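Participant: Chains as they are written, first to last, in our numbering: chain A, 1 to 231; chain B, 1 to 231.
Because the hints were derived from the structure by calculation, they are not lab data. The model shown is predicted, which means the values in this text are computed figures rather than measured ones. The C-beta atom is built at its ideal place from N, Cα and C for all residues, glycine as well. One or more of the hints may lead you astray.
[Said to hold, decoys possible] Negatives, chain B to chain A, calculated, CB over 12 Å:
{"#": "1", "residue": "T5"}
{"#": "2", "residue": "Y7"}
{"#": "3", "residue": "L10"}
{"#": "4", "residue": "E28"}
{"#": "5", "residue": "L40"}
{"#": "6", "residue": "A41"}
{"#": "7", "residue": "C45"}
{"#": "8", "residue": "V91"}
{"#": "9", "residue": "V126"}
{"#": "10", "residue": "E128"}
{"#": "11", "residue": "R164"}
[As the list claims (entries may be wrong)] One side only, chain B facing chain A, incomplete, derived with CB under 8 Å:
{"#": "12", "residue": "Y56"}
{"#": "13", "residue": "L61"}
{"#": "14", "residue": "L63"}
{"#": "15", "residue": "S76"}
{"#": "16", "residue": "G79"}
{"#": "17", "residue": "P82"}
{"#": "18", "residue": "D84"}
{"#": "19", "residue": "T109"}
{"#": "20", "residue": "A137"}
{"#": "21", "residue": "F139"}
{"#": "22", "residue": "E181"}
{"#": "23", "residue": "G182"}
{"#": "24", "residue": "V185"}
{"#": "25", "residue": "P189"}
{"#": "26", "residue": "R217"}
As a plain string of letters, each chain reads:
There are 2 protein chains.
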Amino acid sequence: MAGYTTYIELVRPFIAGKTVICTAMKKEIQRAGAAIDTALAGTSCAMVSSGDAGIYAMAGLVLELCRRRGITIAASDAGEIPPDALAVEVVPGIPALCAGAALLGAPLTHDFAVISLSDLLTPWEVIEKRLEAAAAADFVIVLYNPRSRRRHWQLEAACRIALRHRSPQTPTGIVSRAAREGQRVRIVPLSQLPAATVDMQTIVFIGNSTTFTYGDRMVTPRGYAGKYDTA
Amino acid sequence: MAGYTTYIELVRPFIAGKTVICTAMKKEIQRAGAAIDTALAGTSCAMVSSGDAGIYAMAGLVLELCRRRGITIAASDAGEIPPDALAVEVVPGIPALCAGAALLGAPLTHDFAVISLSDLLTPWEVIEKRLEAAAAADFVIVLYNPRSRRRHWQLEAACRIALRHRSPQTPTGIVSRAAREGQRVRIVPLSQLPAATVDMQTIVFIGNSTTFTYGDRMVTPRGYAGKYDTA
Chain A
1 MAGYTTYIEL VRPFIAGKTV ICTAMKKEIQ RAGAAIDTAL AGTSCAMVSS
51 GDAGIYAMAG LVLELCRRRG ITIAASDAGE IPPDALAVEV VPGIPALCAG
101 AALLGAPLTH DFAVISLSDL LTPWEVIEKR LEAAAAADFV IVLYNPRSRR
151 RHWQLEAACR IALRHRSPQT PTGIVSRAAR EGQRVRIVPL SQLPAATVDM
201 QTIVFIGNST TFTYGDRMVT PRGYAGKYDT A
Chain B
1 MAGYTTYIEL VRPFIAGKTV ICTAMKKEIQ RAGAAIDTAL AGTSCAMVSS
51 GDAGIYAMAG LVLELCRRRG ITIAASDAGE IPPDALAVEV VPGIPALCAG
101 AALLGAPLTH DFAVISLSDL LTPWEVIEKR LEAAAAADFV IVLYNPRSRR
151 RHWQLEAACR IALRHRSPQT PTGIVSRAAR EGQRVRIVPL SQLPAATVDM
201 QTIVFIGNST TFTYGDRMVT PRGYAGKYDT A
C-alpha cells in the first residue's frame with residue numbers, strides 16, 4: 001500500500017496489518033518507485049489516490065516509471081502472468097469532478113473541458129491556450145488545482161479569459177473538500193470567482209452560456225427544452 | 001425506482017420488492033416526470049443512470065423538469081425538509097470515462113475535453129466548433145455517443161477535424177461496454193478510428209500530442225519527465 005500521507009489516513013481503517021509506503025506531497029516519483037520495487041520483489045502493492053487514480057493522479061506516473069525502467073507489463077487480458085512481466089491494474093473511482101458536480105446539482109450534463117491550473121509541470125502558455133479554447137467553444141470548464149499559496153494569480157487570469165467569452169453572471173460552482181470533513185459548496189457569479197476562498201482542495205465549475213441556477217443548485221441543460229412540448 | 005430498461009436490469013438484484021418505473025430509450029422526459037410525480041406523492045424515488053448520473057445523464061433533466069413545474073427544492077444543507085419542498089439528491093458514480101480510461105491505462109492524466117457526438121439535442125455546428133477547439137488546444141478528447149445506426153458520419157467528421165491538428169499515429173482508445181458483459185478494449189492509430197467497430201455503447205479517447213502506448217496500454221504523461229533526473 002503506497003500513497004500520499006493524507007490519502008493513507010483516509011483508508012487507514014481498511015489496511016490494518018498491511019505494510020504502508022507513505023510519503024509527503026511532491027515525492028510522487030519516489031513513492032511510485034517504491035511501490036514498483038515492492039511489486040517486483042513479489043508482493044502485491046496498491047497505490048492509493050484520492051478521487052479517480054486516472055485523473056491528474058498516480059496511474060499515469062506508475063506506468064511512465066515502469067516503461068522508463070524497461071519493465072514488461074502483462075497484457076490486461078492475460079490469463080496467467082508471464083514470469084518476466086508485472087501485472088498493473090488501474091481501478092477506477094469517483095473523480096472529484098463527479099463528487100463536486102453532484103453536490104452542485106448537474107453542471108456537467110453537457111460537453112465540458114477539464115483543466116489544471118498548476119503550472120508546476122505544464123507551461124502557463126499551454127494552460128492559457130486551453131482556457132481560451134474551452135471558453136470560446138462554450139464548454140463548461142472544470143478547474144483543478146485552482147490556487148495554492150505559491151500560485152495565487154492563475155485563477156484570476158483564468159477568470160479574465162473566461163470573462164472575454166461569458167457573462168459576468170455565469171453561474172460558477174466552487175466545491176472544497178467534496179465528501180470529506182470540512183466540505184464547502186458555493187455558487188457565485190463568474191465575476192466574483194477571483195475574490196472567493198479557493199485552495200488546492202477546491203474544484204471550480206464555470207458554467208456554459210446556458211447554465212442556470214435553481215434553488216441552491218447549478219444546472220447545465222442537455223438541450224431537451226425544445227422537446228418538452230411534444231413529450 | 002425509475003430508469004431505462006437496460007439499467008433497471010443491471011440493478012435488478014438490489015431492488016426486490018420495490019416499485020419500478022421502467023421505460024424504453026428516448027422516453028426520458030416521461031420517465032423523469034413519473035419519478036417526480038411519485039416523489040411529490042410522498043414516496044421516495046431513485047432514478048437510475050449508468051455511470052455517473054451527472055455526465056450526459058438524468059440528474060440535469062430531473063432538475064430541469066422540477067424547475068419547469070415550479071417545484072421548490074429543498075436546500076442541500078436543510079436539516080429538515082420544508083413541507084412545500086422536494087428534496088433532490090444527486091449521488092455521484094464512476095463515469096464511463098473513468099471506467100474506460102482505467103481499462104486503457106492512463107489516458108486522462110492531463111487536461112481533457114469531453115464531447116458528445118449526438119446531434120439529436122445539439123446542433124452539429126456547436127459540436128464541430130468544440131471538436132476544433134479541443135483538437136487545436138491539444139486536449140485529450142473523450143467522445144461520448146460516437147456512432148449509432150442513424151448517426152453514422154459524425155465520427156468520421158470528428159476524426160477529420162482531429163487529424164488537422166494531430167498525427168495519424170496518435171494513440172486512440174476505443175472501449176465498448178466498460179465493466180459489462182461484452183466489454184471490448186482496443187487502441188488504434190487515430191487514422192484507423194473511422195474504420196473501427198464503434199457503437200452507442202462505446203467511448204473513444206483520442207490522445208494528445210504526448211500520449212504514448214506501452215504494452216497494451218495508453219498513457220498521457222503529466223509532465224514529470226523533466227523531473228526524473230533530479231528525483
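Participant: All hints, please: hold or fail.
Facilitator: Comparing the hints with the structure gives:
1. T5: holds (18 Å)
2. Y7: holds (17 Å)
3. L10: Holds: least Cβ distance 17 Å, greater than 12 Å.
4. E28: Check fails; 7 Å does not lie beyond 12 Å.
5. L40: Fine: 16 Å to the nearest Cβ keeps L40/B off the interface.
6. A41: Holds, since 20 Å exceeds 12 Å.
7. C45: holds (17 Å)
8. V91: violated (6 Å)
9. V126: At roughly 7 Å from the nearest Cβ of chain A, V126/B sits no farther out than 12 Å, so the non-interface label is violated.
10. E128: violated (10 Å)
11. R164: holds (14 Å)
12. Y56: Where the cut-off is 8 Å and the nearest Cβ of chain A is about 6 Å from Y56/B, the hint holds.
13. L61: holds (6 Å)
14. L63: Result: holds, 5 Å to nearest chain A Cβ.
15. S76: Holds, about 6 Å.
16. G79: Violated, about 14 Å.
17. P82: Hint on P82/B: violated, closest Cβ of chain A at ~11 Å, above 8 Å.
18. D84: Check failed: Cβ of D84/B comes no nearer than 13 Å to chain A, outside 8 Å.
19. T109: Cβ of T109/B sits 3 Å from chain A, so the hint holds.
20. A137: Hint holds; A137/B Cβ to chain A Cβ min 4 Å, cut 8 Å.
21. F139: At about 6 Å, which falls below the 8 Å cut-off, the nearest Cβ of chain A leaves the hint on F139/B intact, so it holds.
22. E181: For E181/B, the interface hint is violated, since the closest Cβ of chain A sits about 15 Å away, which is over 8 Å.
23. G182: G182/B check fails; min Cβ-Cβ to chain A is 14 Å, beyond 8 Å.
24. V185: holds (7 Å)
25. P189: This interface hint is violated because 19 Å lies over the 8 Å limit.
26. R217: holds (6 Å)
Hint check: violations occur at hints 4, 8, 9, 10, 16, 17, 18, 22, 23, 25; the rest are consistent with the structure.
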